[in-house]
Amino acid sequence: MSFYGVELSSRLLLGTARYLSPAILAEAIKASGAEVVTVSLRRESGGERAGQSFWSLVRALGVRVLPNTAGCHSVKEAVTTAHMARELFDTTWIKLEVIGDADTLQPDVFGLVEAARILSEDGFEVFPYTTEDLVVADRLVEAGCRVLMPWGAPIGSARGLNNVYGLKSLRAHFPDIPLVVDAGLGVPSHAAAAMELGYDAVLLNTAVAEAGDPVAMARAFALAVEAGRTAYLAQPLEPRDMAAPSTPTIGKAALGD
Amino acid sequence: MLAPWCERATTDAAVATMGAASIEWWSQHFPGLVRNGSLVVVQSRDSADLARFAERTDHFEWIDAERIAALEPDLAGRYRRALFFPDEAHLDPRRALATLVERLAERGVAIRFGVDLLPDAAPGDAVVDCRGFAARDALSDLRGVRGEMVMVRCRDIALARPIRMLHPRIPLYIVPRGDGLFMIGATMIESERRGPVSVRSAVELLNAAYALHPAFGEAEVVELGADLRPAFADNLPQVRREGRVLRANGLFRHGFLLAPALARQVADTLRMETYDADIPERRRA
Numbered sequence: 001m002s003f004y005g006v007e008l009s010s011r012l013l014l015g016t017a018r019y020l021s022p023a024i025l026a027e028a029i030k031a032s033g034a035e036v037v038t039v040s041l042r043r044e045s046g047g048e049r050a051g052q053s054f055w056s057l058v059r060a061l062g063v064r065v066l067p068n069t070a071g072c073h074s075v076k077e078a079v080t081t082a083h084m085a086r087e088l089f090d091t092t093w094i095k096l097e098v099i100g101d102a103d104t105l106q107p108d109v110f111g112l113v114e115a116a117r118i119l120s121e122d123g124f125e126v127f128p129y130t131t132e133d134l135v136v137a138d139r140l141v142e143a144g145c146r147v148l149m150p151w152g153a154p155i156g157s158a159r160g161l162n163n164v165y166g167l168k169s170l171r172a173h174f175p176d177i178p179l180v181v182d183a184g185l186g187v188p189s190h191a192a193a194a195m196e197l198g199y200d201a202v203l204l205n206t207a208v209a210e211a212g213d214p215v216a217m218a219r220a221f222a223l224a225v226e227a228g229r230t231a232y233l234a235q236p237l238e239p240r241d242m243a244a245p246s247t248p249t250i251g252k253a254a255l256g257d
Numbered sequence: 001m002l003a004p005w006c007e008r009a010t011t012d013a014a015v016a017t018m019g020a021a022s023i024e025w026w027s028q029h030f031p032g033l034v035r036n037g038s039l040v041v042v043q044s045r046d047s048a049d050l051a052r053f054a055e056r057t058d059h060f061e062w063i064d065a066e067r068i069a070a071l072e073p074d075l076a077g078r079y080r081r082a083l084f085f086p087d088e089a090h091l092d093p094r095r096a097l098a099t100l101v102e103r104l105a106e107r108g109v110a111i112r113f114g115v116d117l118l119p120d121a122a123p124g125d126a127v128v129d130c131r132g133f134a135a136r137d138a139l140s141d142l143r144g145v146r147g148e149m150v151m152v153r154c155r156d157i158a159l160a161r162p163i164r165m166l167h168p169r170i171p172l173y174i175v176p177r178g179d180g181l182f183m184i185g186a187t188m189i190e191s192e193r194r195g196p197v198s199v200r201s202a203v204e205l206l207n208a209a210y211a212l213h214p215a216f217g218e219a220e221v222v223e224l225g226a227d228l229r230p231a232f233a234d235n236l237p238q239v240r241r242e243g244r245v246l247r248a249n250g251l252f253r254h255g256f257l258l259a260p261a262l263a264r265q266v267a268d269t270l271r272m273e274t275y276d277a278d279i280p281e282r283r284r285a
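Quick note, the sequences are listed as chains C and Z, same order. Residues in the first sequence are numbered consecutively from 1, following our numbering. Residues in the second sequence are numbered consecutively from 1, following our numbering.
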């Protein structure tokens, strides 16, 4: 799997917020095998370089940092935060979030497309946090995005895949674009389900960070992602309405009345 | 707020153990300690969070609306269920510090404020460096975690104990400080900015207080405070020795909760070393 030409072996991406301590975060990342972690600039730093201590701890983990624009509610905020991220982390990657509704944290897809275009033209490699809407996804690709990150469910809701049909359609519509289910996953089976749909990876934070044992949960998600991906490649059965006997019935001895 | 059992929801078990001992210490040394317990509530749509909080903590009772009303009459009818931690306590940190200063003065300890002195330059056989985040020059792995709080005065509501309101994004607690004063806290941001409280944080804290009880809508904002909590990577305190300097730091958001336990650790270390120095055979062993 590759994102913008960068080859990765782990299909699990983790967020770095809400852990009990940076020490537990480090252990969880190690247990997950994740090679990419997201870091929120705006909320964790107060919008300045003041988050350096925390970011240094994250950098020391030896993983690739995908800075995000979490907490941005406008195109201008998101673009400014992306520029700050590029300077601080020396990366052109940016996970783009433009929040449209403060309560559900639903993405503002109109602002998202606009910000994605501005940033792509400026040399950023954009990972947009979006819905499963096909038309929006088309616009994001037109704007220069080469990775799409549709939500499974609202951020932190732990509801899993709210619209399996929509996510399947997106996969079918964009066979060559890396697709990452981002947000809303609560338990490892949600991650496995996303991978079984043929998604390239999943990104999650709260489900691990706020688990009773974040390190064990990180490991559980890693196993689920591997299981889901392996199952997808093994070409699973499609559901059917009728029973399909696994052994032949013709010629079987009639033992009843 | 001295809430070792509530803290268990988001911290290491050691915090609860040390914190419980600290409550006893404060009760013996600070007459202003209030041991009325604490209450944990949620808005109805977040009820799952209360159950989850209960799973991760102990030393509490599930209480119903009637009991909530008995404990906190001004919250009557607002919450159907709550968690009551009867053994928790609260104090006014500024008054507590002033009391400690007085008690030390009574014992002949000189305390000098406003003096610049680095630990290595301090006289004496042993130096205890407990400068908090200011000790960053000596502790490179110490980081600052920004915390912000709001003090309000509200005459329309009375609370006998700290109330913690769980919320997926804006968890908060309100601690009654007497005379209509309430401390609303606190944000926790991985930032070392020491500047004033941001509008976002103030809005979130005040909104959450208003959600807890609409009476806070008419409260006067008395103070907005922000500073850095000193923390190591595991968010637990440590005592480290460097020559004759003992560095006690990393209390994170548990300054008053864990300071007595940490101080005891420092004292034990110093006593043990004095003892060891007196008996060379023991030192060699």
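These aren't lab readings, by the way, just hints derived from the structure by calculation. Predicted model only: the values in this text are computed from it and were never measured. Be careful, since some hints might not be right.
Covered stretches of chain C, as calculated for chain Z (at least 3 residues, CB under 8 Å) [stated by the list, open to error]:
no.	region
1	92-99
2	229-239
Not everything, but these chain C residues come out facing chain Z in the computed CB check (under 10 Å) [stated by the list, open to error]:
no.	residue
3	G156
4	S157
5	S189
Note that the Cβ used here is the ideal one computed from N, Cα and C, for glycine as well.
Each hint tested on the structure:
1. With a threshold of 8 Å between beta carbons, the proposed coverage of the region 92-99 of chain C by chain Z is violated, since 0 of its residues qualify and at least three are required.
2. Proximity of the region 229-239 of chain C to chain Z, defined as three or more residues with a beta carbon under 8 Å from a beta carbon of that chain, is not established by the 0 residues found.
3. Hint status for G156 of chain C: holds, given a least beta-carbon distance of 6 Å to chain Z, under 10 Å.
4. Using the Cβ-Cβ criterion of 10 Å, the hint placing S157 of chain C at the interface with chain Z is satisfied: the shortest such distance is roughly 9 Å.
5. The restraint placing S189 of chain C at the interface with chain Z is violated, with a minimum CB-CB distance near 18 Å, outside the 10 Å limit.
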